[in-house]
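Just so you know, the protein sequences line up as chains A and B, in that order. Residue numbers for the first sequence follow our numbering, so the first one is 1 and each next one is one higher. Residue numbers for the second sequence follow our numbering, so the first one is 1001 and each next one is one higher.
Because the hints were derived from the structure by calculation, they are not lab data. Hints may contain errors.
Calculated lysine-lysine pairs in the PhoX-like style (CA-CA distance at most 25 Å, straight line) [unchecked claim]:
1) B/Lys-1066 / B/Lys-1055
2) B/Lys-1020 / A/Lys-67
3) B/Lys-1041 / A/Lys-42
4) A/Lys-2 / B/Lys-1014
5) B/Lys-1020 / B/Lys-1055
6) A/Lys-2 / B/Lys-1041
7) A/Lys-67 / A/Lys-97
8) B/Lys-1055 / A/Lys-2
9) A/Lys-56 / A/Lys-97
10) A/Lys-97 / A/Lys-42
11) B/Lys-1041 / B/Lys-1066
12) A/Lys-97 / B/Lys-1014
13) A/Lys-42 / B/Lys-1055
14) B/Lys-1020 / B/Lys-1066
15) A/Lys-42 / B/Lys-1020
16) A/Lys-2 / A/Lys-67
17) B/Lys-1064 / B/Lys-1014
18) A/Lys-97 / B/Lys-1020
All of these numbers come straight from a predicted model, not from anything done at the bench.
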Amino acid sequence: QKEVEQNSGPLSVPEGAIASLNCTYSDRGSQSFFWYRQYSGKSPELIMSIYSNGDKEDGRFTAQLNKASQYVSLLIRDSQPSDSATYLCAVFQGAQKLVFGQGTRLTINP
Amino acid sequence: GAVVSQHPSWVICKSGTSVKIECRSLDFQATTMFWYRQFPKQSLMLMATSNEGSKATYEQGVEKDKFLINHASLTLSTLTVTSAHPEDSSFYICSAPGQFGGYEQYFGPGTRLTVT
């Protein structure tokens, strides 16, 4: 079982709709969770962090965390073509390092 | 957040030569920096943790004699790929932790290495 798992996609969403990205992790002791956005040929950019169960909203982005289910998600409301990118889920684990999922490629169709 | 720069942004070298990549934290002093490698269509793989004033901590399977890391100061870490081979061609990205003690990391723009 991979430490951090994401559906690689591609996930296609029409412009204006909600994009839902999911991530599961194996280390039950993990406490810190992050979502990064990576455009093709560029380095990852931090867009959300979440540490407590529940929802955290920042603009059009909402991160959701359920530690009991070891599940993290990212919702993007009113999706725009500029949101087309690969989204990486990252989990900070007890070994003091950030472990990344393989990323979900998201395409927003105009 | 943190602002991290890398130099060069891309480099082409011949097989057998060495290449040095610099990573700088521009707005705060980072005692720890991280080096990642990313192959096309794959996720980031942590190579090593760079520690100011002490030896780097390498991940399993990463050759420490091939990938030399030096954390020369609180704002500069360097990665030297020694005796590069075509299979070392990749996107190398460094990161620094948030300056306020959180566990998030902020990435530099990356260096694309091509070994011919």
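For each hint, the structure was consulted:
no. : hint                    : verdict
1   : B/Lys-1066 / B/Lys-1055 : holds, 15 Å
2   : B/Lys-1020 / A/Lys-67   : violated, 41 Å
3   : B/Lys-1041 / A/Lys-42   : holds, 12 Å
4   : A/Lys-2 / B/Lys-1014    : violated, 35 Å
5   : B/Lys-1020 / B/Lys-1055 : holds, 17 Å
6   : A/Lys-2 / B/Lys-1041    : holds, 17 Å
7   : A/Lys-67 / A/Lys-97     : holds, 19 Å
8   : B/Lys-1055 / A/Lys-2    : violated, 29 Å
9   : A/Lys-56 / A/Lys-97     : holds, 23 Å
10  : A/Lys-97 / A/Lys-42     : holds, 22 Å
11  : B/Lys-1041 / B/Lys-1066 : holds, 24 Å
12  : A/Lys-97 / B/Lys-1014   : violated, 33 Å
13  : A/Lys-42 / B/Lys-1055   : violated, 29 Å
14  : B/Lys-1020 / B/Lys-1066 : holds, 12 Å
15  : A/Lys-42 / B/Lys-1020   : holds, 20 Å
16  : A/Lys-2 / A/Lys-67      : holds, 17 Å
17  : B/Lys-1064 / B/Lys-1014 : holds, 21 Å
18  : A/Lys-97 / B/Lys-1020   : holds, 24 Å
Checked against the numbered hints above, the structure breaks hints 2, 4, 8, 12 and 13 and satisfies the rest.
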